[in-house]
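The residues making up each chain are set out below.
There are 4 protein chains.
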Amino acid sequence: MTENSERIIRTGVPALEEMLGDKINVLDDGFVRVVDYMGSDESIVQAARVSYGKGTKQVSQDRGLIRYLLRNRHTTPFEMCELKLHIRVPMDCWRQWIRHRTANVNEYSTRYSVAIDAMRKTQPDEWRLQSELNKQGSLGSMDNTIGKALTQEEDNFHNACKQLYEQRLDQGVAREQARKDLPLCTYTEAYWKIDLHNLLHFLSLRMDHHAQYEIREYATAIGEKIVAKWLPLTWEAFQDYRINAMSLSGPEVILIGLLVKGEKEEAFSKAREMGWFTGGDLKPGREARELATKLDRLGLKAPW
Amino acid sequence: MTENSERIIRTGVPALEEMLGDKINVLDDGFVRVVDYMGSDESIVQAARVSYGKGTKQVSQDRGLIRYLLRNRHTTPFEMCELKLHIRVPMDCWRQWIRHRTANVNEYSTRYSVAIDAMRKTQPDEWRLQSELNKQGSLGSMDNTIGKALTQEEDNFHNACKQLYEQRLDQGVAREQARKDLPLCTYTEAYWKIDLHNLLHFLSLRMDHHAQYEIREYATAIGEKIVAKWLPLTWEAFQDYRINAMSLSGPEVILIGLLVKGEKEEAFSKAREMGWFTGGDLKPGREARELATKLDRLGLKAPW
Amino acid sequence: MTENSERIIRTGVPALEEMLGDKINVLDDGFVRVVDYMGSDESIVQAARVSYGKGTKQVSQDRGLIRYLLRNRHTTPFEMCELKLHIRVPMDCWRQWIRHRTANVNEYSTRYSVAIDAMRKTQPDEWRLQSELNKQGSLGSMDNTIGKALTQEEDNFHNACKQLYEQRLDQGVAREQARKDLPLCTYTEAYWKIDLHNLLHFLSLRMDHHAQYEIREYATAIGEKIVAKWLPLTWEAFQDYRINAMSLSGPEVILIGLLVKGEKEEAFSKAREMGWFTGGDLKPGREARELATKLDRLGLKAPW
Amino acid sequence: MTENSERIIRTGVPALEEMLGDKINVLDDGFVRVVDYMGSDESIVQAARVSYGKGTKQVSQDRGLIRYLLRNRHTTPFEMCELKLHIRVPMDCWRQWIRHRTANVNEYSTRYSVAIDAMRKTQPDEWRLQSELNKQGSLGSMDNTIGKALTQEEDNFHNACKQLYEQRLDQGVAREQARKDLPLCTYTEAYWKIDLHNLLHFLSLRMDHHAQYEIREYATAIGEKIVAKWLPLTWEAFQDYRINAMSLSGPEVILIGLLVKGEKEEAFSKAREMGWFTGGDLKPGREARELATKLDRLGLKAPW
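Chains A, B, C and D supply the protein sequences, listed in that same order.
Residue numbering for the first sequence is 1 to 304, as defined by my numbering.
Residue numbering for the second sequence is 1 to 304, as defined by my numbering.
Residue numbering for the third sequence is 1 to 304, as defined by my numbering.
Residue numbering for the fourth sequence is 1 to 304, as defined by my numbering.
Among these hints, one or two may not hold up.
What the hints assert, rightly or not - Here are the computed lysine-lysine pairs in the DSS-like style, where the Cα-Cα straight-line distance is at most 27 Å:
no., chain 1, residue 1, chain 2, residue 2
1, A, K264, C, K294
2, C, K294, C, K283
3, C, K301, C, K261
4, D, K162, C, K121
5, B, K270, A, K162
6, A, K261, C, K270
7, C, K162, A, K261
8, B, K270, B, K229
9, D, K121, D, K23
10, B, K121, B, K162
11, D, K261, B, K301
12, C, K261, A, K301
13, D, K283, D, K294
14, D, K261, D, K225
15, C, K162, D, K135
16, A, K294, A, K23
17, A, K261, C, K301
18, C, K283, A, K294
19, B, K270, D, K121
20, C, K301, A, K294
21, D, K261, D, K294
In case anyone wonders, no lab produced these hints; they're calculated from the structure.
Note that the structure is predicted; figures quoted are calculated from it, not measured.
With the hints as extra help, turn the sequences into a complete structure.
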């Protein structure tokens with residue numbers, strides 16, 4: 001392995017170099033911009049080959065190796081890449097973001113400096129209705145007349161918030177205390193640095209339709225406008241093995257096997273046995289509904 | 001080492017068992033309560049002795065060993081203990097808390113449920129003045145007349161916040177969106193679990209007088225009312241080797257050496273050489289002021 | 001949520017309490033024993049319900065909630081449980097084990113104490129052949145006559161190792177240096193503590209048939225003899241959603257869709273298009289072989 | 001803060017660029033070489049200033065800010081830099097190295113490939129004596145005649161090890177099993193990537209004289225030959241606030257205060273009170289000896 005002791009010349013990834021520092025706008029007043037990065041598709045391959053020793057260099061193609069690694073969750077080579085972003089994001093969105101503990105973070109301090117004078121505004125057509133089915137989701141938009149009223153009230157409220165904050169500062173209240181009544185949607189900024197393995201994990205959770213709209217917008221921007229350009233081979237594999245992948249539980253595998261054989265009755269009673277139906281076995285519960293969606297993609301039909 | 005294969009009976013720490021679940025009140029409406037824990041002073045000793053093998057059992061006393069470990073930053077045995085708390089804390093305080101990435105967290109979800117109907121109230125005598133010297137600190141209290149006015153305004157504002165939030169919910173706005181304008185000081189709740197090594201690190205940073213008042217109150221409650229009872233030997237060592245410890249930089253060691261010898265002139269010019277004075281060498285900068293405070297504790301006097 | 005401030009009585013999990021400290025033998029001279037633990041199936045549920053607030057207590061059953069959490073990778077409630085083991089394991093196996101960075105570890109020190117006088121012995125029927133297909137795996141056993149010879153040589157070699165080590169110690173060589181020529185299969189001991197989320201991740205990787213035999217023996221013992229008793233609901237869900245689960249990539253979903261419709265030709269050419277065949281499109285590559293195995297479980301047949 | 005949205009041009013650190021890929025030899029056959037890196041002294045400053053907002057740019061100098069951050073353990077800006085090394089190291093040294101869990105690692109696999117054909121050789125003058133005082137340390141060298149004999153035996157033993165390993169491979173034993181009797185000092189190689197905060201922590205522990213000679217050699221090479229060139233300001237601050245710093249416990253501060261006042265008797269009896277002497281108060285224990293060394297540096301004298 002030690003033969004590769006020759007001098008190393010660092011060459012960047014041109015598609016990413018070109019956009020360094022450029023702001024990618026997200027939401028009404030947020031952004032994401034690449035400040036620095038480390039590594040490329042090639043350095044993932046290089047790291048994987050340390051493990052395999054010299055024997056493999058000729059045989060595997062880069063693309064095939066990256067796909068193999070991602071498919072089989074050999075995650076360590078992906079940790080060899082780093083991305084450092086400068087982001088501007090509403091604090092209530094940042095609350096969700098910061099729960100990913102594996103990143104390095106420097107955030108704008110409203111103890112040290114006056115808070116950023118921007119709050120996330122909601123346009124009349126952006127107000128979302130509470131989903132009844134999914135207690136933590138939204139579904140559809142408010143009627144436009146109500147939307148307009150809500151936006152107007154929001155606007156008035158934000159002005160009141162700012163006034164209160166400024167008055168406190170004017171009277172000498174400490175910044176660390178004056179900020180206590182700023183709304184959760186006040187914008188903050190941060191440097192956020194993360195390795196690629198953990199970034200992909202972040203993206204798979206936050207680009208998902210279960211994620212809240214706001215953070216999904218950020219995740220999608222990072223994925224599609226940054227990672228896709230930075231690491232095209234990894235991004236392609238990520239689509240195939242994560243974004244478009246389907247996970248089947250043990251019971252689901254058995255049910256599909258029965259449906260493939262045309263044994264609908266047996267499949268149905270098996271599902272009932274497993275408690276997938278509620279209310280006298282009539283109403284499909286969550287697992288039954290989830291499988292129905294998967295069957296759809298496979299060209300099969302749920303017997304319920 | 002393997003001789004200790006006898007049956008293990010788990011016995012708790014009586015002083016902690018007694019207070020399991022009890023609320024320790026913090027701030028106007030917050031609390032901390034122990035939900036579960038793992039380990040004791042003894043299990044720290046036990047873990048350390050795995051490393052040392054059987055040879056040491058008789059020689060070292062538990063207290064001496066714990067002090068040795070903490071003094072010399074042998075941190076792994078302290079990782080063998082865990083504390084799980086249920087806490088209620090204003091979100092702006094929680095923002096600082098959550099930056100400690102080594103803890104396990106389950107937080108109350110305002111996507112899933114209606115937000116907790118409590119905001120941190122500030123009493124007239126609790127309003128703090130901005131410190132001029134320390135840009136991120138506060139110093140002293142507001143005049144009481146102003147304090148009263150500030151508290152009254154805060155009260156009105158909180159009512160307006162609640163009204164806005166409830167109106168939105170009434171109109172069917174999704175909870176995940178309706179919450180966006182709640183004030184940062186809205187209370188949240190969480191289960192927070194952390195190992196002892198990382199807990200002590202948290203305490204040393206957050207019990208410090210540089211920490212913001214609110215989180216300092218929580219850290220002090222956790223330290224003095226929980227850890228002190230749970231692990232008396234570790235707590236004592238933590239006082240000696242962390243809380244009451246003093247760290248001297250290389251240059252400070254040299255300066256103290258000179259002062260001990262009575263060479264004030266040399267000490268002074270050495271400090272100037274190092275750029276510890278600003279404005280024509282007349283005004284002591286931060287390092288000079290810091291050393292002066294340390295010298296005071298050592299019974300020495302700064303020559304500036 | 002705050003209504004649950006009543007006193008907490010810690011009750012253990014009886015099935016685990018009973019076996020605390022008992023050695024579960026692994027390999028020729030290794031073991032795993034539970035030293036301590038924190039939490040139960042119930043504490044996972046309890047932590048999840050902090051997030052959901054009071055609304056859900058009646059509705060969800062514990063079993064259903066645990067299954068929901070595991071299925072949807074809501075991992076944080078599983079982090080609320082901890083397991084602390086005392087293990088005895090050959091160092092070459094420990095090298096793989098220690099790569100799981102999220103655990104807390106105290107290991108026996110051969111700097112401080114004389115090395116444990118035990119090396120992993122291989123019985124004549126335990127010698128494994130190098131797999132040709134899988135460069136990092138083994139396949140089948142050696143012929144018994146060769147096995148006997150190998151075991152005899154191993155035995156002689158271990159004696160020589162011990163003699164060398166003891167001679168060095170006798171001559172006063174520092175333990176930290178004398179140990180340098182001990183064989184990798186020398187046994188070591190450690191306390192190993194990990195939270196349940198990370199433990200399940202460890203088990204899913206190390207109980208897998210791709211894992212080396214030795215560590216698989218340890219992982220299986222931990223899973224089947226400890227976790228299964230400690231957390232029966234979680235263990236059942238883990239079987240369904242991890243161990244017996246099947247992951248289909250985006251391309252695999254499309255191919256299965258075609259096969260379900262009976263379009264074998266199209267499926268075949270699609271697979272070729274994706275480069276799943278080598279050597280003039282005749283030999284199925286790794287992805288083609290992997291899918292064939294999955295199809296088998298689903299009652300479908302690969303068209304290659 | 002958002003004004004710095006201009007384009008970013010990544011410029012490397014010339015002193016580090018020049019040595020990229022060059023091997024720095026360590027021990028008889030090991031090395032360390034920089035494969036890639038991210039950041040510079042400037043990016044630490046840049047990250048810190050995100051927290052402080054625009055207000056501070058003019059005031060603080062880079063050097064002063066870096067020193068302030070390191071002195072006050074504001075660690076997050078240091079996490080913004082990364083170093084990626086390719087290392088070759090004996091496995092018994094690597095065992096200590098890998099205990100630093102915050103790094104990213106890809107190691108050469110002896111399951112996949114034949115083990116590296118190199119073992120750490122000990123020259124006749126390199127054999128170290130066991131320290132009597134420090135159970136986990138060494139002190140002084142062996143007599144040269146014995147050293148020669150030990151080296152000769154080591155050489156013979158290594159040949160026997162290689163022969164055994166090769167025979168097993170020749171007979172078809174799986175690589176994952178054949179390796180079990182390789183000596184702990186067999187060389188391995190790895191890519192090792194770590195952020196600067198954690199690297200400095202690694203260096204402060206492993207450059208210390210308590211660390212074993214072998215890993216100290218690696219740490220010193222990384223510190224003095226790489227970090228010193230890469231980040232001159234950080235390296236200088238690291239010398240002052242870590243390497244040459246002195247930590248005084250609460251009790252030590254009190255004792256020094258007494259000695260400064262010339263109250264030797266009181267200091268002595270205080271130390272005895274604290275149990276710093278063993279065997280009828282006559283023999284200074286570890287804390288007493290440690291303080292004596294510190295007093296020496298401060299120009300004071302222990303009264304024992």
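Regarding the pair K162(C) and K261(A), is the alpha-carbon distance no greater than 27 Å? Since the Cα atoms of K162(C) and K261(A) sit roughly 62 Å apart, the hinted pair is violated (cutoff 27 Å).
Quickly compare the C-alpha distance for K261(C) and K301(A) to 27 Å and report which way the hint goes. OK: K261(C) and K301(A) at ~12 Å, within 27 Å.
K264(A) and K294(C) were given as a pair; does the straight-line alpha-carbon distance stay at or below 27 Å? Answer holds: K264(A) to K294(C) is near 21 Å, not above 27 Å.
Holds or violated: K261(D) and K301(B), Cα atoms, limit 27 Å. Judged against 27 Å, a Cα distance of about 12 Å means the pair holds.
Between K294(C) and K283(C), does the CA-CA distance stay at or below 27 Å? Roughly 18 Å between the alpha carbons, so the hint for K294(C) and K283(C) holds.
Below or equal to 27 Å on CA atoms is what counts here, so check K283(C) against K294(A). 31 Å, violated
Restraint check for K261(A) with K301(C), where alpha carbons must lie at most 27 Å apart: 12 Å, holds
Under the criterion that the straight-line Cα-Cα distance not exceed 27 Å, is the pair K301(C), K261(C) satisfied? Between K301(C) and K261(C) the Cα gap is close to 13 Å, so the pair holds against 27 Å.
Mind checking the alpha carbons of K294(A) and K23(A) for me, to see if they're no more than 27 Å apart? 38 Å, violated
Compare the distance between the alpha carbons of K162(D) and K121(C) with 27 Å, and conclude whether the hinted pair is satisfied. The hint holds at about 19 Å.
Holds or violated: K162(C) with K135(D), Cα cutoff 27 Å? Status holds; Cα separation ~21 Å.
Against the 27 Å threshold, does the CA-CA distance of K261(D) and K225(D) hold or violate the hint? 44 Å, violated
Comparing the model with each numbered hint stated earlier shows that hints 5, 7, 8, 14, 16, 18 and 19 do not hold.
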